[in-house]
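**Q** So the chains spell out like this:
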Amino acid sequence: MHQVIELEGVAKRYDSADAPALGPLTLSVAKGEALAVTGPSGSGKSTLLNLVAGLDKPTSGAVTVAGRRIDQLSEHALARFRREHIGMAFQFFNLLDDLTVTDNIQLPAQLTGTSRRSAAARAGELMEMLGIQKHARAYPGRLSGGERQRVAVARALVNRPALLLADEPTGALDTSSGHDVRDLLTDLHRAGQTIVLVTHDLTLAQACASRTLHLVDGHVALDSHARAVR
Amino acid sequence: MRLFGTGAMARVVRSRVGRRRVQTVVIAVATMMAVASAVVAGSLMVAAAAPFDRAFARQQGAHITAQFDPAKTSTARLAGTGGLPGVTASSGPHPSTAFRPVDRTGFPLPTLTLVGRSGPGGDVDRVDLKSGRWAQRPGEIVLDASFEGPTIQIGAPLKTSDTPGAPTLSIVGFAVSVSRTADSWATPAQVDALASKGDPVTSQMLYRFDAASTKEQILASRKKLAASAGPGALLGTQSWLDTKRVADQGAAATVPFMMAFGVLGIVMSVIIVSSVISGAVGTSLRRIGILKAIGFTPGEVVRAYVAQALIPAGAGIALGAVLGNLLAVPLLSDTAAVYGTVSLSVAWWVDVTVPAAALVIVGLAALVPALRAGRLRTVEAIAVGRSPRTGRGQWAHRAIGLLPLPRAVTYGLATPFTHPVRALAMLLAVAFGTVAATFAVGLTSSLTAIGASQDPESRAAVTVTTTQPNDVAPPPPPPVGGGAANPSPAGGSVAGTHEPRVADPAKVRSAITSQAGTGSYYGKTETEVAVAGISGPVQASLYEGDSRSGSYEMISGRWITGRGQVVVPTRFLERTSTKIGDTVRVTYEKETANLRIVGESFDTSGSELEIHADMADFASAVPSAFLVEVRPGVRAGEYARKVAAAVRPLGGDATANAPSGQDGVILIMSAMAVLLTLMLVSVAGLGVLNSVVLDTRERVHDLGVCKAIGMTPWQVLSLVLASVTAIGVIGGLIGVPAGYALHGLVMPVMGHAVGTGLPSAVLDVYEPVQLLLLGLGGVVIAVLGALIPAGWAARARTASALRTE
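Quick note, the sequences are listed as chains G and Z, same order. To convert, note that position 173 of the first sequence is 173 in full-length UniProt numbering; the numbers rise steadily by one, no gaps. To convert, note that position 269 of the second sequence is 269 in full-length UniProt numbering; the numbers rise steadily by one, no gaps.
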């Protein structure tokens, strides 16, 4: 099976810490797989996500995503790689408050040089798919948490990335909105989207992940397929 | 309360000042520059104006000094003019004449105005007797104190002319008339005795008026006097405004330009300090909330934020005061040369007032945003730091996002609309920087044009003289003080123990015309003449032949083309209340000619009233130099050598002219302009830097998001630079016309300060391309100011930026 993520002996040590925050860790994530990364605070979940997203570089080891080794890329190349191959959704949405919903979603596409018309068409398609088309001209500050997270997911998917990274996507949402997002991720996984999901929420992990990785103190405590995708 | 006493407060302030290094440096540099400019401008103003005003008031100086022809009016009628409406005091008539004395070594002094007065006091012009006593009997004379020297002392004899058998006077005192009504005084009888056919006795009247503060008022009063004295009786007048200007002009020219820079600096300092502190509050809302949550009172928060501005500003003010004092010294030394007695230090109260005012301005600028910080409710302050921004600038993002430009650029272009006040402060900083640059470019160009027009003689390729340099006698004793001019060595005013050998001008002329390579030439002599209505000698250049190639820049009218014409400087017109087309009576040696004023020359030669006339008007005048233009292809040096070989045996000489250098004052002013502009432009750049730093800090999370979704470092850089580009363009569009207008405003004031109008060559100095480049200067200031924070933003680690709240 084609591997979207391959980590080889990856470790990350921060300057001030005695012990590494993560690893050494060897891990593969196959295309179409939905991996939930769980663990207590400080277990290395976010560090793992940052390394896979190319937001941070490992102290040692190799990180390969979508067939390309990214730990040796320059900042410029990483940014280009990220916008073409990785979509990210964050706990606090990280939408740009001064852009409309449509503009937020289009932005990554426009950064790659996609024409305004094509980017708008793709954004419209995603908004319709995620049920947020009525908010197209609204600003993020006026949306509910669940709606904002849908916008964030739409933005993450606009460039049809090989990998969707979601960092505590329901962490800042109420129960109802949390269920909406859970269903959305489940649907995306069903549609074949490769997902890495970092969460404290075991229910979410069980609902939409095909595999769970439990980290403790930077090491894998458990790596198992939770259950078949519903 | 004890917990948050001065110790806690000091710690909070210190940590903030130390951590916000960019803001700290910006405040310090902005205030330093503003204070330095203000100290220099203030000290010059004080030095330039106060001594004359004080002395004039103490002496009850004459607003108008008038000369009347006693043949055309009576003493009683003149005395009656003292009762005219508006006249508050008068003195006279005093007999007056001119003479050219010779000291005990035989050296001639300049032509002096001698007035007969029985004492130094009176209702008008209470002359200060500096030493000795007043002239009490015929044979005694009191001289202006500026003539005192080794050969001219109390008790020394003064021969009334170089004619054999001329009477001798005894110097009994030295005095000063601030109104400059005369160069010397004697008893009325002595004046009558000294008068000659060439220098007849005139009647001097001195007046004070209830309204004499403007030129128009002086002219109106002059008209009344002329009408009252009878037709043709008034020969001329001297206005106190011109005397004051002459006294002040050494440093006065620099005052308007220093004031312009001082005001620019102060305004920019206020804007930047306000912007910095306002920004500090805006980006510290959570911190303010936390301070309040842990027990800081609103008053303590206000004090803390004001202190954040006052600490670096205090350092900047102290440095600025020192720098201002250092910069003022070379300019004050020029002032000292004018007054003789002014000390080379800045007035103490300028050193106190300017820093105190700067501190108050900074304090007030900081107080407004600090009060806002103090009023913020704790919960709001903490919440505002976390909640999403809404409203401001969204329309701009929507509209600018439609432009056919890269998305990172359009995003950056819309950014200023999110913080309109901060953007406005940045715009003002850029605009003021551009104003300063435009003004300075114009100023230095004008000063260069002035320098180029100062020495028209140097335009000639070769100068042929009728004397040889080592034959010229040493200069006369110091004829310093306004009005007394140096007799020119070139004018043949030589005397002393060694008579120089002078070549026959006709033979020199013949040598020039017979020399191959001669293009054109004209003869010239510099001498002194007397002009009716003007006290003291007037410097004159008399020309033989077509002198147009050596003409001065003309403010109005034209250069002389023949006899009966005279070109005069602006202050001559003002001092004599004449205009182009009027006729003046000029006396050279024993010859008098009525000359029509045909042009107003641009003359920056200081206090002298140099006039230019045709030599043919005075039969006894002969050229002392010939200015020669050589034919194309002829080398000036070689030509000069050949002519020199021909005229040296006659007693003359010839030299090729080197291009004249810049005048010292002009060089100092140009250097000051460049220095002050660099300071202002740097401060403008720092202002932009500060605003972009604030903006970048505030948007670091958004920039992290942009990078996380694929914005490259270059795109981040272009985003941040685009955010200031529009401001730079608009700042340039505002700053260039404003700087242009400021130049148009300040240059005439500077010219007026030295008693001259300005020709178009000095005023119209901007080229269209230059203006375009200066407009782009606004963008350069903005981009350079934003480059460092843009680099920080581009290099910032995405993961760290995303964690930033």
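None of these hints come from the bench; they were simulated from the model. These numbers were taken from a predicted model, which means no experiment stands behind them. Built from N, CA and C at the ideal position, the CB exists for glycine as well. Certain hints may be false.
[Claimed, not checked] Quick partial rundown of chain Z residues pointing at chain G, CB under 8 Å, derived from the structure: (1) Phe52; (2) Ala356; (3) Lys707.
[Stated by the list, open to error] Some chain Z residues close to chain G (C-beta under 10 Å, calculated; not the full set): (4) Gly295; (5) Pro298; (6) His397; (7) Gly401; (8) Ala414; (9) Pro420; (10) Ser520; (11) Tyr522; (12) Pro713; (13) Trp714; (14) Leu745; (15) Ala799.
[What the hints assert, rightly or not] Just a sample of chain Z residues kept apart from chain G, beta carbon distances all over 12 Å, derived: (16) Ala189; (17) Arg398; (18) Asp546.
**Q** Are the hints correct? Go through all of them and say.
**A** Hint check:
Evaluation of the Phe52 of chain Z hint against chain G yields a violated restraint, the C-beta minimum of about 61 Å exceeding 8 Å. For Ala356 of chain Z, the shortest C-beta to C-beta distance to chain G is roughly 43 Å, which exceeds 8 Å, and the interface hint is violated. Interface restraint check: Lys707 of chain Z against chain G, minimum CB-CB distance 6 Å, threshold 8 Å, status holds. Interface restraint check for Gly295 of chain Z: the shortest CB-CB distance to chain G comes to about 30 Å, outside 10 Å, so the restraint is violated.
The interface hint given for Pro298 of chain Z is violated, since its Cβ lies 29 Å from the closest Cβ of chain G, which is over the 10 Å cut-off. A distance limit of 10 Å between C-beta atoms decides the matter here; for His397 of chain Z the minimum to chain G is near 5 Å, and the interface restraint holds. Given hint, Gly401 of chain Z at the interface with chain G, holds; its Cβ is 6 Å from that chain's nearest Cβ, closer than 10 Å. With a least beta-carbon distance of about 7 Å to chain G, the hint placing Ala414 of chain Z at the interface is held under the 10 Å criterion.
Hint status for Pro420 of chain Z relative to chain G: violated, with the closest Cβ pair at about 13 Å, above 10 Å. Against a cut-off of 10 Å between C-beta atoms, the interface hint on Ser520 of chain Z is violated, since the closest Cβ of chain G lies about 70 Å away. Evaluation of the Tyr522 of chain Z hint against chain G yields a violated restraint, the C-beta minimum of about 72 Å exceeding 10 Å. A least Cβ separation of about 5 Å between Pro713 of chain Z and chain G falls short of the 10 Å threshold, and the interface hint therefore holds.
Checking Trp714 of chain Z against chain G: minimum C-beta separation of about 7 Å stays under 10 Å; hint holds. Taking 10 Å as the C-beta cut-off, the interface hint given for Leu745 of chain Z is violated, the closest approach to chain G being about 42 Å. Given the 10 Å rule on beta carbons, the hint for Ala799 of chain Z holds: about 4 Å separates it from the nearest Cβ of chain G. Residue-level check passed: Ala189 of chain Z sits 94 Å from the nearest beta carbon of chain G, beyond 12 Å.
Annotated as non-interface, Arg398 of chain Z brings its C-beta within 12 Å of a C-beta of chain G; the closest such distance is 7 Å. Against the 12 Å criterion, Asp546 of chain Z stays outside the reach of chain G, whose nearest CB is about 72 Å from its own CB.
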